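Novice: Protein chains in written order, with my numbering: chain U, 1 to 354; chain H, 1 to 354; chain L, 1 to 354; chain W, 1 to 354.
Don't take each hint at face value.
Copies of the same chain are indistinguishable here, so a pair counts whether it falls within one copy or spans any two.
What the hints assert, rightly or not - Each computed DSS-like pair below joins lysine-lysine, with the alpha-carbon atoms no more than 25 angstroms apart: (1) 309 with 284; (2) 133 with 309; (3) 133 with 7; (4) 309 with 198; (5) 284 with 7; (6) 7 with 309; (7) 133 with 284.
Calculated from the structure, these hints are not laboratory results. Note that the structure is predicted; figures quoted are calculated from it, not measured.
There are 4 protein chains.
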Amino acid sequence: MRDDLRKNFASDNVTPACPAVMQAIAEANTGNVPSYGHDDLSLALNQRFGDVFEAEVAVFPVTTGTAANSLALSAMVPPYGSVLCDQSAHINTEEGGAPEFFMQGAKLVGLPSPEGRMDPASLPPTLQLNRSKGVLAPPFTALSLTQATEWGTTYSCETIAALSESAHDHGLTVHMDGARLGNAIAHLECSPADTTWKAGIDVLSFGGTKAGAMAAEAIVFFLNDRTRPMVDTMTRRIKRGGHLWSKQRFLSAQLLALLHDGLWLGNCRHANAMCQRLRHGLYKHPAVNLPFATESNEIFAVLPEAQVKQLHSEGYAFYTYPTPQGVPGQLVRFVTSFYTRPEDVDALLESLIS
Amino acid sequence: MRDDLRKNFASDNVTPACPAVMQAIAEANTGNVPSYGHDDLSLALNQRFGDVFEAEVAVFPVTTGTAANSLALSAMVPPYGSVLCDQSAHINTEEGGAPEFFMQGAKLVGLPSPEGRMDPASLPPTLQLNRSKGVLAPPFTALSLTQATEWGTTYSCETIAALSESAHDHGLTVHMDGARLGNAIAHLECSPADTTWKAGIDVLSFGGTKAGAMAAEAIVFFLNDRTRPMVDTMTRRIKRGGHLWSKQRFLSAQLLALLHDGLWLGNCRHANAMCQRLRHGLYKHPAVNLPFATESNEIFAVLPEAQVKQLHSEGYAFYTYPTPQGVPGQLVRFVTSFYTRPEDVDALLESLIS
Amino acid sequence: MRDDLRKNFASDNVTPACPAVMQAIAEANTGNVPSYGHDDLSLALNQRFGDVFEAEVAVFPVTTGTAANSLALSAMVPPYGSVLCDQSAHINTEEGGAPEFFMQGAKLVGLPSPEGRMDPASLPPTLQLNRSKGVLAPPFTALSLTQATEWGTTYSCETIAALSESAHDHGLTVHMDGARLGNAIAHLECSPADTTWKAGIDVLSFGGTKAGAMAAEAIVFFLNDRTRPMVDTMTRRIKRGGHLWSKQRFLSAQLLALLHDGLWLGNCRHANAMCQRLRHGLYKHPAVNLPFATESNEIFAVLPEAQVKQLHSEGYAFYTYPTPQGVPGQLVRFVTSFYTRPEDVDALLESLIS
Amino acid sequence: MRDDLRKNFASDNVTPACPAVMQAIAEANTGNVPSYGHDDLSLALNQRFGDVFEAEVAVFPVTTGTAANSLALSAMVPPYGSVLCDQSAHINTEEGGAPEFFMQGAKLVGLPSPEGRMDPASLPPTLQLNRSKGVLAPPFTALSLTQATEWGTTYSCETIAALSESAHDHGLTVHMDGARLGNAIAHLECSPADTTWKAGIDVLSFGGTKAGAMAAEAIVFFLNDRTRPMVDTMTRRIKRGGHLWSKQRFLSAQLLALLHDGLWLGNCRHANAMCQRLRHGLYKHPAVNLPFATESNEIFAVLPEAQVKQLHSEGYAFYTYPTPQGVPGQLVRFVTSFYTRPEDVDALLESLIS
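Please take these sequences and the hints and turn them into a complete structure.
Specialist: Structure follows, in structure tokens:
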């Protein structure tokens, strides 16, 4: 293996697929079976997800997290509506306008969210102002929150419940971008149900790709009076987005494998542990500043510029961010994964210290 | 293997992936590599396609044929424009409105096309009428044709050239839906270049899934003054459609495998041969009517109703179509694939005869 | 007045506004009043339309017929749906793609309609085929018909009722493009209710501009269980389309004036009478062919080419159409209006004969 | 006249049309003339606007400011792009999502703008961050600024030039929402050219309705290499939006009247003077706080709650806004117009003082 293949901390999407997923794909590759989701593997998804989430659910597998988020929101928000989210939300800043495309031009409005978390207290005045504008402002019809957040933190189940309650009180439905849901659950040591529908989440984008799939995410509707009418429209929306795989068995097989016997959460637990190992190392470094809590598999650090250069010169890959004014150094992000080994973390730390 | 797994003639998308594709996916599954198409496999696509098509090309891999067609057209047609296609075109009748979605509401206008082929003579009057309406009618800005057609026939390279010339003369660009391009090439015994850019095609939806991939299609721009400005917008359009795989190596690996050493065309040649075998058998059947030439891997037949019932009762899967008025019997379609064996065809024929 | 101002038979939209409408606009021009439809004139619309149509209605005034049709359909059809209409429908051929734009890419599918009228018998097979395609074809969710039709004919109330019944039976709602509704009513000698909601129409685009307004159309919802949920979304859709006048009193005043004391129908009756006068004259002309019945204020005629040239050279304005193959001469259209005088018709006829 | 008709300070769009506009409409009401903008009045617009703005222009009249802004932006920004504007911009907060609708889902991103004015220094880092995100963030392709601003202030011509230069340097085009452009020009005592194209504006939404029209705005392209390709698409975009009046003479007549002999600027000068009269009165009031400079015809004031109640009880109409935390009282807005008389202002002040 080339040397650089273990030095990429840019994202958890630079990883390969985990062996159990590859095995499941290979096993699915047999015979002619009905297309467009009528195969046995696809038909088993609702039950498998229902078991894991202890709920009645309707599940729609898709290829990318952008598709999962955008298609979910398109069922929750009319074209003339708008979505309340946090300013740093992936849907708002990193998805190339896909949510607006799938929602047919509906608007995303970002709330300030230090550390990636919205404050439940900020919802009522925002919702009231929106209402008071009448026809002049697109009405908020959904709230979207990200678990774990974009800054590597997590919401407590209580905070999610408070946000959801406020949203439901004002007639909004609630979406969770769970691209790193497994990492949040591993950190919180709660059940999948606790941090989702039991905390008021109506629709979940379940992230599989970063947790070890090749390319597999799922839109999960927790069935209730708010979500049932959405479910009926989903296959049409997915087809219309070009996201209905004809050979869907290969998509479903990945999700079934991830959810089998806790593979998914095991992968995420490992990723989190590697991130804590990295944090411990960085923490000891006197010139390194860690602006946020590390509650998933992402860590943000302000490094001296020289250190950043050094790492790049050694072939390390990671993202850099605009550093807040007045802070010396460079804000960077390292992401660990199921595929990260302790020795990969240690090598990175060694390069930093040297 | 379950008995029904060889009795599904509903489509070439009910098939598994072919072994070489599975092998390529497994080989791609190693190490952390850059995401979003910056991996080595993805970077090799332009060259591989360029070699096969003997042209300078820009290639964008996507998951589904619907996505390939819709994204291609979205780069060719402004939202206030329209596309001329044949009445039976997949984009017009079978893609759940995806082309209109990606084109942001641009219109598809279907020309009559007995046997799935548009008549070059029908273009000039249609284009002139459109022009004469001025601002009242969305201007035609692209022509889309399907090779092989929806009725199992193929266009000759000369007819494509005549259609393209007419389109170019009126300022349109030309798109080919090549979901079954390999089958057409195998039938025509021409080169990939002959039936595409040498016949005036500007943009191709290259079909991989039906030819043996798990889920892999490609949007191929044949570089010229008309297509170069489109190319620059494509990655943004693909991301915005939720179609940019983070682990794109797994998508690219499939296409590279298909194009390696003629695997693709070999698969299609086999599928066509199985379809001819089926045709020969059906032809001998006195009560069976074959309305179209069989020039790819699809055959349409009018069967007696009893026969249709019989096949269904034995577990055979195939599509039925509204039968033209006055014709006795039921119009059905059988599709063969790389995965169809001679004995599968023979068993079907035997069931029919008995 | 310039000579050409009476020689324009191109459309009924080349006309000025009728005096009563101008008077109403002038009278509305007093004082500061609430904007965006909260003025007294706008608040009187529902009652006035309700009286004329003998029904409970919700009325939304807009500027153009294209806006009325497109906004109405946008409330009736989801983005992933489609509309069944006649092939020659204005929404399908003359509105620059506006319906697709407002419906966010939903599709229009045109039924054959000799003389502009769909055949109720053609609906059930079309709707069943659509249903059988499942997710592959956008589902028909609305039927749109045009009264009077694009070819100058009208639907009988019975035919409309048969079309509506078939549509309702399949879960579609029914829209009427009534750009020339007054002309149809004047011809049919029925009540406004007879040819609309009593025949099953759910939503009407009421045409005011061609009947004497400056620029005023109305979207009229006949309130029932199908339409009530649509009504709630309309003001937002109108605002989002840039169609909510701040000084809406000036729009509402026009509609109130048209509906006062039968002005609207009187104008249309006059237009129809002028059209019959023209027909009588044309009919006598041996070289003139009249392909359609004349049941409103439009007449289509096949004229010898020399005659067409002659009229153009004298400054007459009218539309020409592609003439069906094999028919000698040129298909043209003449449209009369409330503003056409008998002597204008006679002068035209004289030019033709000479 | 009813008493309340002079007590409405809610907006300058509650006003009637000014007499010269009504006169122009009446004069346009003669004879049949070509529709869809081919009449003589419409054909005179480019010249009239060109004279006033001392530039070569292409002008497209529409009914509402929302339509003008949204259609202008739709020609400047591709569906996958985004617009940089100030946080309080009307397009971002008060147009019901129309810009996103017409831009087909392109995104608006708001910059902080105390007093409604963006800081030229904030552009470069914002534009660089956007660029650095590559395909993940929709690229900024237009800058939109509002003159006069939403908070009653104006940009100096120098600031506009600095903003435009920065935008042009990064490949953006520049749009001005000039719903109250006349008020800004009257305040700045500059020429229409100075604050628009001479300061780098490419496309202007020219506001007529608030300056005395019935319903008339104009999209004005200052012709240059950036704008010429946009111009060609406009009539199609306008038709597709349902905004192409068939009897366009009535729209054009209003604009011609406003631009004749400085009527427009005279109306705005009067409105500004009334606003200054109001400011002088409010300023003297010890309990009234005026947070912003008053540089057009809008004034914002923080009033004691009791005063607000009192005014409402007397029938005064005006908008209230969320008051910044910690500030005692209620933030309100008063808008004056060409129609406001000195005695109307004085009566309002008297009610306040009493």
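Novice: Checking an output row: residue 133 and residue 7, CA cutoff 25 angstroms. Within, between, both or neither?
Specialist: Between copies only: 21 angstroms across, 51 angstroms inside.
Novice: Please work out whether the CA atoms of residue 133 and residue 284 approach to 25 angstroms or closer within one copy, between two copies, in both situations, or in neither?
Specialist: neither (52 angstroms within a copy, 31 angstroms between copies)
Novice: How would you classify residue 133 and residue 309 at a CA-CA limit of 25 angstroms: within, between, both, or neither?
Specialist: Cα proximity of residue 133 and residue 309: across copies only (20 angstroms, versus 50 angstroms in one copy).
Novice: Between copies, within a copy, both or neither: which fits residue 7 and residue 309 at Cα up to 25 angstroms?
Specialist: For residue 7 and residue 309, only the intra-copy Cα distance (14 angstroms) is at most 25 angstroms; the inter-copy one is 61 angstroms.
Novice: When Cα atoms must be at most 25 angstroms apart, do residue 309 and residue 284 count as within-copy, between-copy, both, or neither?
Specialist: within (20 angstroms within a copy, 61 angstroms between copies)
Novice: First find the shortest C-alpha distance between residue 309 and residue 198 inside one copy, then the shortest across copies, and answer within, between, both or neither for a cut-off of 25 angstroms.
Specialist: So residue 309 and residue 198 fail the 25 angstroms test inside a copy (46 angstroms) and across (44 angstroms) alike.
Novice: When no copy is named, should residue 284 and residue 7 be tagged within, between, both, or neither for a Cα gap of at most 25 angstroms?
Specialist: So residue 284 and residue 7 pass the 25 angstroms test inside one copy only (21 angstroms; across, 65 angstroms).
Going down the numbered hints, you'll see the structure goes against 4 and 7, while the others check out.
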